[in-house]
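Peer 1: Residue numbers (this note's numbering), protein chains in the order written: chain A, 8 to 412; chain B, 8 to 412; chain C, 8 to 412; chain D, 8 to 412.
Just so you know, these hints were derived from the structure itself, not from any lab. Do not rely on the hints blindly, as some may be mistaken.
Identical chains share a label here; the pair holds if one copy fits it or two copies do between them.
Each computed BS3-like pair below joins lysine-lysine, with the alpha-carbon atoms no more than 30 Å apart [said to hold, decoys possible]:
#1 Lys-151 with Lys-13
#2 Lys-298 with Lys-167
#3 Lys-223 with Lys-167
#4 Lys-151 with Lys-295
#5 Lys-295 with Lys-223
#6 Lys-223 with Lys-67
#7 Lys-67 with Lys-167
#8 Lys-13 with Lys-295
#9 Lys-13 with Lys-167
#10 Lys-298 with Lys-223
#11 Lys-295 with Lys-167
#12 Lys-167 with Lys-230
#13 Lys-298 with Lys-151
#14 Lys-230 with Lys-295
#15 Lys-67 with Lys-230
There are 4 protein chains.
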Amino acid sequence: MSTFGKLFRVTTFGESHCASVGAIIDGCPPGLQLAAEDIQVQLDRRRPGQSDLTTPRNEKDRVHLQSGLEHGVTLGTPIALLVRNEDQRPHDYSETDLYPRPSHADYTYLEKYGVKASSGGGRSSARETVGRVAAGAIAEHYLKLAHGVEIVAFVSSVGKIHIPVTDPSAVDDADNDDAPEPLSAEYRRLLSTVSRADVDAHLTRCPHVETAERMKNRIIRAKAASDSIGGTVTCVIRNLPTGLGEPVFDKFEAVLAHAMLSIPATKGFEFGSGFRGAEVPGSVHNDKFSKRPDGSLGTETNWSGGVQGGITNGEDVYFRLSFKSPATISQAQETAQYDGTPGSLEARGRHDPCVVPRAVPIVEAMAALVAMDLLMIQKSRQAATALLPPITTLPPTMVMPPKRS
Amino acid sequence: MSTFGKLFRVTTFGESHCASVGAIIDGCPPGLQLAAEDIQVQLDRRRPGQSDLTTPRNEKDRVHLQSGLEHGVTLGTPIALLVRNEDQRPHDYSETDLYPRPSHADYTYLEKYGVKASSGGGRSSARETVGRVAAGAIAEHYLKLAHGVEIVAFVSSVGKIHIPVTDPSAVDDADNDDAPEPLSAEYRRLLSTVSRADVDAHLTRCPHVETAERMKNRIIRAKAASDSIGGTVTCVIRNLPTGLGEPVFDKFEAVLAHAMLSIPATKGFEFGSGFRGAEVPGSVHNDKFSKRPDGSLGTETNWSGGVQGGITNGEDVYFRLSFKSPATISQAQETAQYDGTPGSLEARGRHDPCVVPRAVPIVEAMAALVAMDLLMIQKSRQAATALLPPITTLPPTMVMPPKRS
Amino acid sequence: MSTFGKLFRVTTFGESHCASVGAIIDGCPPGLQLAAEDIQVQLDRRRPGQSDLTTPRNEKDRVHLQSGLEHGVTLGTPIALLVRNEDQRPHDYSETDLYPRPSHADYTYLEKYGVKASSGGGRSSARETVGRVAAGAIAEHYLKLAHGVEIVAFVSSVGKIHIPVTDPSAVDDADNDDAPEPLSAEYRRLLSTVSRADVDAHLTRCPHVETAERMKNRIIRAKAASDSIGGTVTCVIRNLPTGLGEPVFDKFEAVLAHAMLSIPATKGFEFGSGFRGAEVPGSVHNDKFSKRPDGSLGTETNWSGGVQGGITNGEDVYFRLSFKSPATISQAQETAQYDGTPGSLEARGRHDPCVVPRAVPIVEAMAALVAMDLLMIQKSRQAATALLPPITTLPPTMVMPPKRS
Amino acid sequence: MSTFGKLFRVTTFGESHCASVGAIIDGCPPGLQLAAEDIQVQLDRRRPGQSDLTTPRNEKDRVHLQSGLEHGVTLGTPIALLVRNEDQRPHDYSETDLYPRPSHADYTYLEKYGVKASSGGGRSSARETVGRVAAGAIAEHYLKLAHGVEIVAFVSSVGKIHIPVTDPSAVDDADNDDAPEPLSAEYRRLLSTVSRADVDAHLTRCPHVETAERMKNRIIRAKAASDSIGGTVTCVIRNLPTGLGEPVFDKFEAVLAHAMLSIPATKGFEFGSGFRGAEVPGSVHNDKFSKRPDGSLGTETNWSGGVQGGITNGEDVYFRLSFKSPATISQAQETAQYDGTPGSLEARGRHDPCVVPRAVPIVEAMAALVAMDLLMIQKSRQAATALLPPITTLPPTMVMPPKRS
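Starting from the given sequences, assemble the full structure and let the hints guide the process.
Peer 2: Below is the structure:
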């Protein structure tokens, strides 16, 4: 379906060659000061043609707000917005129409809908993400104003080039039951401090200087080889309130995984210690509690990734997302036509050798949508409970723990 | 929320110390022959106490069907089912009530709900999964009868002990742009043939004989060390029809990720080539098409994991899920009380040193629920389109590809 | 579907001859003190066999709470509850199985589900309402504690016997453009003061003494004639906060109508001035504002029924619901068998000549569910907006109206 | 919320003074031939300024399709459409801003959202219905092509001027237990034959010639008196398949009531025998079955209004909807300002003395949306059940009734 969220609901529309792409955001809190520029800044980061690492297409992608605001203030009613498509003409017939493109959605869209659209993969085009990014920018704007939430995504790997994650001196072989800590102290520092300015300082959107340079070269090599290369994006959400996430099916990480895997070309998601967390014994993996300076409870480590039992605990939420190598490449591929006839397919159209730098604002947008929706659900519960008379007859086991001071 | 699905909807209830746990399954197709035993078999595989690798608690966990069936046939009305809790008494007050258990949900449940339950983490208990497994067994039963769908999950790693996935002879270093194929031919063979009997032949539920033995020893070492260890579960879904998955937010893999990350203790999810897919160039990663014996299109490789553009393509869907090391361990932990006072917490209660073998039927259940719901949505679209008159005036680009023969 | 609500969600299960009927209530605010008795009291009012005006069947209908509470306090987790069916055996084959009962759901259930259940109309049985009444009692309990909300329903007509609604002296003919006020001052007084004690003082649950007696006789006459008779139930909700109802599709009255028409045997719904409101000129129908003693705005009349633009305005919400005459009657009916063969069908089973007295708690339950869910949605919005910084640059038209004092 | 439907989902946006109003229709079956004109025809019927009985404003209201179609064929992806607002400027400050207009939504919108919009009642404006009518036209287009469904609404009363419904010779007093049939034979003939051409033959959209003339005069009198008058709209849906409607909360009539009461200014809904059905004994009210010429079962009478147990039975669905007299009138009203100060408010802006003729296409649109969504849900169930193996061991009571011939 094209709708995401329960209280803060986003419905997107549009494909590559129609009149416009966009979204309706329903359920935005009223009284939020919002300018088109708050949205445009993230659309610009998503836009192709920002560097010679990405496709040369120069889309303007200006957002047009249709409703839901007056004098720059949200009314609480649906905010509709759209971005015009520059190239609205369905493409002309060509020989390549005989072929479903390998690892594209041409074949599956045809199997699903039974209609052959000009754009082949229809809504699986990256163009569709315009509506998400715009909607996410609104959610993020709220989260920042209301809770000081910070969401920063960055490129953590391109091909086999990774920002170093674990301590290189750690011993890690299968014969040894010990395992190194999932993340080095240096990497944890990066997570807790990285800013969008740090990220945008590099064309690759990797804030780790040496790695950024190696990634850039890897992308250039892919382009030179008429090939493509994938990568991963890591994202951190800071200052989230505790209590977000709805057990049992809408745990914070479950909804987050849903949101992230809905982004085109994604293949994997891990949060906190992720796949490495399965290799570390419980005695090391457990996040012990300690008193924070402000008197509240915090955890010393954060292998939980800010979530326990599906509910945020006030620590940073961080996660990593895998993007496959783009399916469109500038070399011939031996494959089959729709009718099974074998043949060679030459690429058509514009394409990026590596999409992960442009994926950064999309990941941030989806993270914001998840946090915003789960925040609004939790606010409802808290407000409802706050109106109840106190209970005076509880047994000792249910007595609330002593107030922190 | 405690409801999963749009047309085939499961709502679960229950925590550790209440009268019963269970579920209502709403939207099950009528006319399905269903016996309690079809459900019980998976509940028994989920049940603790099946071996000395797991907790000695011997729950009986008999399912009691309440409604929605007559003479063993589904009526199409809600199927309610419940499993009684043996231990219904809230526990007595103890010194450990002062402490939120590290990496458990005690602290976050309290932050979220503001009520201190006897069971601490409330619905984050593994006991909650009873309802899912029962509901999933019904979905799976339908999928098998209607489409011959096979769902098999198995333990693919415990700690650092993994079933070998890639060809050990492959060169894989960061200085080399080439990358080995994400999965070896042998492993792909395993995925396409593994059965539940193969899986249950080992206490560890790992169908790879040598690895199974090493895993068993790893679990025994964890137990001996009063510690715990995590692992991964891999699952394959075979014979799924094409066309399942709802662009753009409810792509097959997105809903699958949602379902999987809603299982307690999970930290990561990848499908198809997963995180490895980001390291392989597009020219290698693309799944080229070829004609199958029956005339339809298939792909030679399947790095896509059976899904393209969020829609199933008829190839096997396979994915891997990471489970952290259990938080409950039999050793003292230095942590803090609710009020911030530092102290040492001794474990209480029964616990598994490793939960992944028992997670196998839970993963299968959630996979079945995802496939079932998305199947029913797609059935609606197909049936609706089938009633429309044919269109005779399409331009060449929209003309349907020649029929396969 | 068997689920109602978005944040306070009720899912019911069960039909006449299965093991139990019941519900899961998901999303109940935590920290609510709740006893089984708070629920039982409404189940008892719904129960048949309370008088010789209704069916002699004496069901015990004890509610069994399964989960979601500890020491009588809600945990915020799903509350499952069930009521056992006394008569769990599917009935034996009988000649009447050849006939779909006229104006029952036997025929449509068969058309819909393609499975012939013992109970014929399956979930259309009044037995299904047990789950609603129990869930509604929980919602009502919250609403009363948190906002002092009062919900009172009563029988306003049986057959052609109505509580007098308009002033009998008013002229009301089609040639005269004037129309009497939709409700007399006396009736409005009844609405604003009627209590459950007033209602239960009469077997017919009509709080208007003379009318109650006439209704009773009408029901007795129906029974004597081996026939049945319908009626209407009127309900008032007092002390609802302003701001409830979600434009545009989930206006308060729209969700209320949905809830009410989901009750078996209902045929019509009107709120406020209802159908009479269409006959009164706007100059009379408009509810003019005036200052209330507490400084807030109120309306002098309340033809709007407490709702304007789909949102509650703080005045009493009141509405009326029509129930058809019960389809089961103790006389032979000339009709056709499933295969079209004409024949005469004799009634089987127990039945009420008039169901409206027992419908009273069902109407109250559904009203509570609607108010509760829309309240929780609005709480979320208010809490979210409350966190935003004030806006200082509004144009005069958007400046908030002066505070009431 | 601004979304309606579960599989065929409509999300609308827009208020009076923003850039545009419109909708996204998600879940439309692919392969449907659809032209803008199919939508425009109903928008034109909704448009004000069609006669001197309605407001003189002449909006052009051209629909602009944004996505989801190629070469006039639906792709199965979201169809976005918009209609530009001619008057996009928020109005200037005026003295009337001090007053909440009586029986408008100015006060409740302010209570709900806490933001004072230029248009006062925000989305409660009739302008919002543009998106519904457009979406409904698409649904209706499908229903007609796939099932030959016909939806015709008409004005059945204005003020106290009604199309005669019951037989005038029938005796109907409270002292007589008999009641006339809810609808005369003549009226039932009208329901089964009335066409849109019949309806549009009269400015009042009343297809009953003598009544149409009297209604017209009633509206002229209201205008002359600077007043307004309400009315009712009756709608019939013909050729609906059996089996639509989802027990228990989404019965066909419950969803229909929800949809209808979400239309601005509505106060009541009844279907089939409606409120009259409560006065007729069961022996008369029951719809006896008989064999239709084609061998299927039909009912001789249709007091059920085409629905039994919440599920369509193949007979005509018909219902009636009440619209209050418009709140905007051209005369001064004694009321209070936001701060409680009493005063006299003069009307501003354009307004209709009677809105029911224009409501006709809105009622048809919402009826189409309900039927379409419930049809798609039922299609899913049927398709799912059709794949199951037959059951050979049923007891006699569950054996399917003999096939009709």
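Peer 1: The structure should be examined with respect to each hint, and the outcome stated for every one.
Peer 2: Here is how each hint holds up against the structure:
no.: 1; hint: Lys-151 with Lys-13; verdict: both (20 Å within a copy, 27 Å between copies)
no.: 2; hint: Lys-298 with Lys-167; verdict: neither (40 Å within a copy, 33 Å between copies)
no.: 3; hint: Lys-223 with Lys-167; verdict: within (12 Å within a copy, 33 Å between copies)
no.: 4; hint: Lys-151 with Lys-295; verdict: within (29 Å within a copy, 42 Å between copies)
no.: 5; hint: Lys-295 with Lys-223; verdict: between (40 Å within a copy, 28 Å between copies)
no.: 6; hint: Lys-223 with Lys-67; verdict: within (25 Å within a copy, 54 Å between copies)
no.: 7; hint: Lys-67 with Lys-167; verdict: neither (33 Å within a copy, 49 Å between copies)
no.: 8; hint: Lys-13 with Lys-295; verdict: neither (34 Å within a copy, 36 Å between copies)
no.: 9; hint: Lys-13 with Lys-167; verdict: neither (38 Å within a copy, 39 Å between copies)
no.: 10; hint: Lys-298 with Lys-223; verdict: neither (43 Å within a copy, 39 Å between copies)
no.: 11; hint: Lys-295 with Lys-167; verdict: between (34 Å within a copy, 23 Å between copies)
no.: 12; hint: Lys-167 with Lys-230; verdict: within (16 Å within a copy, 36 Å between copies)
no.: 13; hint: Lys-298 with Lys-151; verdict: within (26 Å within a copy, 39 Å between copies)
no.: 14; hint: Lys-230 with Lys-295; verdict: between (47 Å within a copy, 21 Å between copies)
no.: 15; hint: Lys-67 with Lys-230; verdict: within (24 Å within a copy, 51 Å between copies)
Hint compliance for this structure: hints 2, 7, 8, 9 and 10 are not met, and every other hint is.
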